[in-house]
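K.L.:
As given, the protein sequences belong to chains A and B, one line each in that order.
Residue -5 is where the first sequence starts when you use my numbering, and the numbers rise one by one after that.
Residue 27 is where the second sequence starts when you use my numbering, and the numbers rise one by one after that.
It should be emphasised that the hints constitute simulated quantities derived from the structure, not laboratory data.
Partial pick of chain B residues on the chain A-facing surface, computed with a CB cut under 8 Å:
| # | residue |
| --- | --- |
| 1 | A101 |
| 2 | F102 |
| 3 | V184 |
| 4 | S185 |
| 5 | L186 |
| 6 | L211 |
| 7 | G231 |
| 8 | R233 |
| 9 | G240 |
| 10 | F249 |
To be clear about the criterion: a stretch of chain A counts as covered by chain B if any three or more of its residues have a C-beta under 8 Å from a C-beta of chain B, and this derived list gives those stretches:
| # | stretch |
| --- | --- |
| 11 | 17 to 25 |
| 12 | 28 to 35 |
| 13 | 42 to 52 |
| 14 | 115 to 126 |
Glycine included, C-beta positions come from ideal geometry on N, C-alpha and C.
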Amino acid sequence: MTNAEALNSPVEPAEWRLPSRGAVAVICLILTETALFMIFVVAYLYYIGKSLSGPYPSEVLETPVIATVCLLSSSLTIVLAERAFGRANAGGFRLWWAGTIVLGAVFLALTAVEWRRLITGPGLTISANLFGTTFYSLVGLHASHVIVGLILLTLTMILFLLRRVRPEHGERIKLISWYWHFVDGVWVVVFTVVYLIGR
Amino acid sequence: MYIGSGLVFFVIAGLLASVMRLQLAVPNNGVVSPQVFNRLFTMHGTTMVFLVGMPIIAGMMNYLVPLMIGARDMAFPRLNAFGFWMFFFGGLLLYFSYLAGPGISGAGSAPDVGWFAYTPLTARAFSRGNSTDYWSLSLLVTGVGSIVSAINVIATAVSLRCKGMKMMRMPLFVWLSIITSFMILLALPPLSAAQIMLQLDRFLGSRFFDTQAGGSAVLWQHFFWIFGHPEVYILMIPAFACLSEIVPVFSRKPIFGYPIMVAATVMIGFISVSVWAHHMFTIGMTSVGNTFFAISTFMVAVPTGIKIFNWLGTMYGGKLRFEPPMLFCIGFLFQFLIAGLTGVMLGMAPFDWQLHDSYFVVAHFHYTLVGGFLFGIFAGIYYWYPKAVGRMLDRRLGFWHFWLIAIGFHLTFDPQHFAGILGMPRRIYTYDEGRGWEVYNLISSVGVIAQAAGIMCFVVNLIRSYWKGEPAGEDPWDAWTLEWSTTSPPPEYNFETLPVVRSSRPLWDLKHPEDPDWRYE
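Turn these sequences into a full structure, and let the hints guide you.
P.N.:
Right, dumping it as structure tokens:
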């Protein structure tokens, strides 16, 4: 029995459209990463107020306003870049996509500066106390995801400049931007937990 | 490759267990030292769960899902390969620990902290050397492989179904593969998170589980079991899936209650993430905590019980054929039922307070994993081997395999319930006479011989039938799902033309055009 035969049946829906595999995969990736971050967030929340010795959050934390503005704006710039791509506006795409990369890089740089201040100043390290442990692990996990995102964005930029990115790759651009929005969303949660609730 | 490697690790882990049973056969035995014994049970458990269970289910899902939905391949074939190699190298990393340096007794530095590696035993101060690190890192690596495989399965089953295959027409195996994969997505990250935290503690001096700094060693247990309990359902649901395909075919009846089977499995998925602390009844949670987890544990038995009734309902009034796949399914039904009952018993917190970490628990989980999972997988292998290889497995050897392993399984694990109730703790390398444990341990150890003989029949069968088995043809079992419409083995592209289906049993429709399923569905 071959399957060229009457497995074909007369009456079936003419439209057979399924979600794209890339979209499903990225959604699953976001789900699984969310689960990963949740555990570090739970650890952070559980250990609030339990450090036996300083430095304590209220003493040493400074709200990272500029860094947050940069990262959140990068979600805006990436949307603008996507729109430009959809309209085949190469110049616009280059501008806003590069802008996203720059804003993400500034966020990382400011995080690094902040960490340096915390380590050399009040001496907050990952082994100092529970606050140090949970702070660096949670913020660090987020930062590592920003780095991965920046790598993806930069690779795309390079491929675009080499003229290897064509209009039909619009969906892949969209999926990368989904990942970037996810990283942004995680920062909102981390910021809330660390700088609002935890202080 | 997944299944083959999984079976190789199975034999290795089985040998580790055989040495343990040899050591425990009589009181005050001296076959191995306590340190070696600790490594044995750690490696046995870790291997069986992560290097046997997980790859076998991954292999089955990756092989069968495309065939069952009428697709040419997985959604991301290279991701499939990546996942396999992550598992494989993670496994090698774990076993490299044996070679990686002189252990305290010269037997290598394999991990010896138990398969769930509680803190603070795994802290740097108490686990010198790198054996715990091998354990931790290899699980991080294999964990990535599992997650990646899960993403692939979901993307495939959602996006690559052939025309007409609506979600409620998919084979139950595919539905259960999707559910398993979602559980992997949500349950593996807690394990990875815990491993990262452990490594940070061990190498960077962080304080996650450091009680001296105000941290909580019990936090590890919470994170581990938030992974660990869904993990056992992740292992079991593919075994349920095998049953859901095989029992109907060998009862010559469609599955009883397809929609409820889907719903019950989804419920198992949800409830199973709420029961984790039934592994922790003895750590001193509040009574509210204990009660909550006891009740959720009872609740998860409900959808599981529904599934058992549905399999029985499928068999009732059917024309049963007792081929090897069906024998293993029947063994599964009997044994998994008992396992479920002992599980509910352990779910009663005060009962668990007496039996936590005793051989009663060991008996319970081996009943689920060997009596349940392994029998389900054997059923699946006997059923689908002809499709994958093109030759039938030898029937007589199949019967020998079944009966030897059934008898051996019961000889080994039934007495352990009683040893546990009489107070025998788990993870001890020997025991004194005069406690009444001797006879149970002896019978338990004798059972290993029968199990080993059964496994040997199985291995011989697998290898011999590859060249000398009876040619299978496309559809040796007269089954109804799409994988049976290709040649055996299928070509690399699975289907010449992608099929179009109108019911959940497309091959029944083809074979019985006068009475097709789509009139009733």
